[in-house]
Structures are given as C-alpha cells and as structure tokens.
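So the chains spell out like this:
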Amino acid sequence: MKMLPDQKGHFDAFGGRYAAETLMPALLELEEAYAMAQKDKSFEKEFDRYRRDYAGRPTPLYFACRMTQALGGARIYLKREDLNHTGSHKINNTLGQALLARRMGKKKVIAETGAGQHGVATATVAALFGMECKIFMGEEDIRRQAPNVFRMKILGAEVVPVQSGTATLKDAMNEAMRYWVGSVRDTFYIIGTTAGPHPYPMMVRNFQSVIGREVKKQTARAEGRNPDVLVACVGGGSNAMGLFYPFRNEKKVKMIGVEAAGRGMNTLEHSASINGGKIGVLHGNKTYLLQDENGQVRDAYSIAAGLDYPGVGPEHAYFAQSGRATYVTVTDEEAIGAFLYLSRQEGIIPALESSHAIAHAMKIAPKMKKRRILVICLSGRGDKDARTIMETL
Amino acid sequence: MGRIGKKFEELRAKKEKALIVYATAGDPSIAATRELALSLEKSGADILEIGVPFSDPTADGPVIQAASQRAIKAGTTLRGVLDLVADIRRASRIPIVLFGYFNPIFAYGAQKFSKAAKDAGVDGILVVDLPPEEAGELRVFTNAAGIDFISLVAPTTGDDRLKAILKAASGFLYCISITGVTGTAAPKTEDIAREISKIRKLTKLPVAVGFGITSAGQARAIARIADGVVIGSSVVKLIGENQNGGDGIRAAAAHVKEIKAALL
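As you go down the protein sequences, you meet chains A and B in turn.
Those letters in the first sequence? Residues 1 to 393, per the numbering used here, in order.
Those letters in the second sequence? Residues 1001 to 1264, per the numbering used here, in order.
I should point out that these hints are in silico values taken from the structure, not numbers from a laboratory.
Some clues are possibly wrong.
Said to hold, decoys possible - Covered, in the sense of this in silico footprint (three residues per stretch, anywhere, with C-beta under 8 Å from a C-beta of chain B), are these stretches of chain A:
#1 8-22
#2 289-297
#3 323-337
As the list claims (entries may be wrong) - In silico BS3-like cross-links for lysine-lysine, where the CA-CA straight-line distance does not exceed 27 Å:
#4 Lys1112(B) <-> Lys106(A)
#5 Lys278(A) <-> Lys217(A)
#6 Lys1167(B) <-> Lys8(A)
#7 Lys217(A) <-> Lys39(A)
#8 Lys1073(B) <-> Lys278(A)
#9 Lys107(A) <-> Lys1188(B)
#10 Lys1188(B) <-> Lys278(A)
#11 Lys1112(B) <-> Lys8(A)
Even for Gly, the Cβ is constructed at its ideal location relative to N, Cα and C.
Produce the complete structure using the sequences and hints provided.
Pasting the structure below:
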C-alpha cells in the first residue's frame, strides 16, 4: 500500500484539514513539531521508557485457552491493552501527545472523552508532566461513566460537562474544539482517536501502532508466524488502527473492524458510520458520517460510550473503501453477551467497547480451522461498565 | 464585479462603512427570516449574512448554536435557505452572503449547490471549515458561478498564510477580531488596527471585521480602521429572547439602526 496520508493529510478521498482558520496555524505548528520529534531519537527513547516503566508495556498477548476450546475453532489470542496503566489503550496516545506538548512548551492540555478512558488517560499524563488539564465530557456520559469522572477529578483535572446535542462524545468534541479556538495560543488539544484534522489521525495512529508492532513480535514468538485474522472494535477507531496498521502490507492478514449496531442496524440507534453512514465532513476531516439527507449529523447511539460517535477515523474510511479491512456490526445485546462470556470463561471483565470485538470473534472463530490464529484487541477493562451492566440485567 | 464589490465601492464613494448583519436562516422560521432580512435592510444593513444552520457549529458560541438548533428543529434545510434567498431577491437587491459549514453543502453537492445559489441570487459564500487548503473542491464551482468566495483571516494567521489566503480571496476579506468562537469576547481595537494595516499593505480588497462586536461603541471604533463591521450574535440573541410573544424583528431592527447610526 502507498504511504498515507499525503502531505495535506488525505487518505485518498478521506481525511484532510477542514478546520477554522483560527486553528490552522496551530495545526501546522503541531504537524511541524511532530515531524521534528519523529526525527529525534531522544523523543522515541523517552517515549519508550515511559511506555515500559510507566504504562507497563509491552502488554501481554494472552492465549485464551478456555475460550478457544469452548468455541472449537481458531486459536484465540487477546491483546491485553486492558492491562495498561489506566486500564485501556488510550495511554499509548496520551503519553505521546503529552511528550509532544511538553516539547512545544504548552503547559495546558484539553481533551474530549466519551467512556472516560481517554479523559482518564489524559488527566493521568497531565498529572505526570505537571500540566493543567480540562476534560470535556457529555452529561449523559458523565452519568453513565461516573467512576471515570471521579478518577479524572482525583487526578486533578477539571471535568467540563457538555449539555448540547445528545450530551455524548460528538458534543464533547464540539465543545473541546470551541474551547481550543479560544485558547489555542497556549493550549494543546490531546485528541483521543484517529480522527480530527490532520495531523491527528496520522499521529494517533502512529502512537497506537505499538499495539500491532507488539502483536507481530508476540505471534511470531508464540506461533512462529503472523496471525490470520485481527479483530478490533471501531468507534473513532484508534485501538483498531493501532492493531491493523503494522499489518497493512501483510496481505494474508485479514482485518475486521467491529462497529456498534446499538439497538439494530434497522433502527437509527447505532454508531456504525461505515456500515450505515455516508461520506461527509465533521471535526476537521472527511469520512463516513451518520447524517440525514440534508447533511445534518445524526446522533449516534451505543451502549458503549466509547463507540458512541457518528464519524470514524478517515484511515478506516479508506481501508473500508479500498477493501483492505472489512467492517461488521455487533448489537448492544451481543456485546453484553460477550462481556459476560469473557468474564466467566477467562476471568477477564472486558470494556463494553472491546466486548463488540469479542462478540464478533465468537461468531467467526467456530467456523475457522483449528490451526488458524485470531487476535482480538482487548482495548480496555470493564470495571467502568459495571453500573451499565447492572442496570441492563 | 459582483453586488458585494459594488456595494463597497458605493459606500467608499460616500465615505461610509459597511454594516454587515448576520441572521440564522429559519430561526424561528423561514418566513420570519424573510421578514427579518427585509427589515434589517430598511434599518441600515448594507450586506446580509445568512447563516445556514448546521448540527455541529464548532466555530460558533452559545447564541448561534442555539439559533442553529432552533432552525434545524423547525425543518430548515440548505434547499430551504436557497429558496429563502430567492424570495428575498424578489424584494431586494441587497448583497447576500451565505455563512455556514461545509457538510450541508457537500451533502447537497458542491457543483449543484453553486449553480442553485447563483440562480437564487447569492452573491458570496463563507464556509468556516474550508481553509484555503481544502477550499478548492467548492471554489472551483463558486468561481465558475461567479459567486465571491469570502476568506477568513484570524488573529493567529501568520504572514505567509495571509499571503496565501489573499491570493484566493474575493468580495471582501473577513477579519476575525478575537481568538475565539462567535460572540464570546470583546475585540481589542489596537490588535485589530495592527492586523488591518498588515493586510492593507498586501491587498486592495475591502476588509470587514467580525466575531465579537455587539455594541455601537465597538462598531464605531472598528469602523475607523476597517471598511466594514459584522454583527451577528447580538442580533441573533434578540431573536432568541423574543421567541415567545415578543417582537424579535423589531428589537433586532432597532439594534441595527443604533449600530448604523454609530457608523455614519
């Protein structure tokens, strides 16, 4: 595959930099600072040290023995991003961006959050580097994800409730962007997923690619070869892109992104932008969007707050259009089933987001030959979802 | 030269400054916006900026966000806004700029939109989330249709960018007065004066200033240094406050008259 994005941040027909003029100089400055950091060996070295000693990387690739036996097909491995410090893959990215913010001399950081995982990961690095931190979070998500709200506050961050729209991730991102327009001179915006204007989708992808790089090494060690199938959940798509990207040129490795079908693809209550959306422009990039025929963005829905987003990272849009990856959907009900299944089968409580990936793996693993290798990205732990599950059951 | 350019020339000859007034289309209804537009013209507006409501207006403050939500709830669409412009055109020759975000235009189709906008009598278009880097996909069609593509300059815009922006600008240059979203802070006149003198050295295009101007006093100060003043949130706020029984149109007209008087 060609090297993407191009110089202006386009992944073929997707991506770009559809941002207000006030932000454009900051985006160009960020792009330049990131390019410099990429060339600087000391940046990578320091980043590595924090990943290892602070976040706890490499995370294990765990052979899910009981699950494999019970499903009776492919050999199932779980990439244990839930074992990262803060409990999800989000720290991979926030560490990178905070190190970059420090290099750029920015002492204030802001972020949007849905499930609260990115908010916690941002509040964590802000504390680590002594930065002032504001997290924008929809009121509905604040209610659904109360434990994470407390964690952010404990870490010293200010949680700003967002009331507009459906008071979820999209609205939190709108509000974070508005705040950034007014504070852009001294504030670094730590975007949590592979979306937003260039260079964010590329930069977040690169920071998250540590997931796929480790999986490549770990499957080589465990099985002497690459996995056959990779499965990950996709909201904005950062854990999926982190797993997929290092395998993009390995033609035999099949990649499956799992979108949230919510209450069903035949309803309007889902978050499956690729499977149920059209191309459009939101939050600085061109991608698949849930929208009405007049170009108004529709509200997304999923039981998993971290998937509750009407867009998707532009590189996923490109992977979908070019056929490099396939994108399927899993309903709330199926995700809850997978949540309980993994908890009881392996003693691992997965995040509701990651449960979407597990649900799809449960569908395909039995149909795969026994020597096939299936890797699921277990992007986060499910403690935060206990309340949602208790309310549902 | 289009209606926008001619209006600035006409005002310049009279040594007057342009008052550009923004209103969100369809807030609270298309019929009300038609009446508002004609009333604003009578009250002294030289150019109308008609906001196309969008679900996610990330460059707008709370006032215009709320107006956009009201307008969308009332069923306002881009097609409806174009029909509104055509309707206003039957009664008025005031220059009209559409102000909005790219997605509704992209969903409509950039080429189809540009032609329909021209037919409706739109003179200029300002798309907040289309910086010069991404503007090509729309501008190629608005240029062909003879619609001015109004460009934004922000307080954060550096010299190199300014030159690139000016290369593609037409109609007038829209100078954002504050580092922030619409209607959320008061502009600092000294900073704007510095910015405008920089711009003047590079272009003969008229320069209008907007985003934070709400009072006659601010408008007067800005008009001393710019060719035009944009007011938006303060007008939209009066419409919003008078949704239940009050006369928002009369209140907005009185506000515009006061600002216009300060510019004379």
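Do the hints match the structure? See the list:
no.	hint	result
1	8-22	holds (count 8)
2	289-297	holds (count 7)
3	323-337	violated (count 0)
4	Lys1112(B) <-> Lys106(A)	violated (44 Å)
5	Lys278(A) <-> Lys217(A)	violated (37 Å)
6	Lys1167(B) <-> Lys8(A)	holds (19 Å)
7	Lys217(A) <-> Lys39(A)	holds (24 Å)
8	Lys1073(B) <-> Lys278(A)	holds (22 Å)
9	Lys107(A) <-> Lys1188(B)	holds (25 Å)
10	Lys1188(B) <-> Lys278(A)	violated (42 Å)
11	Lys1112(B) <-> Lys8(A)	holds (26 Å)
Of the numbered hints stated above, those contradicted by the structure are hints 3, 4, 5 and 10, listed in ascending order.
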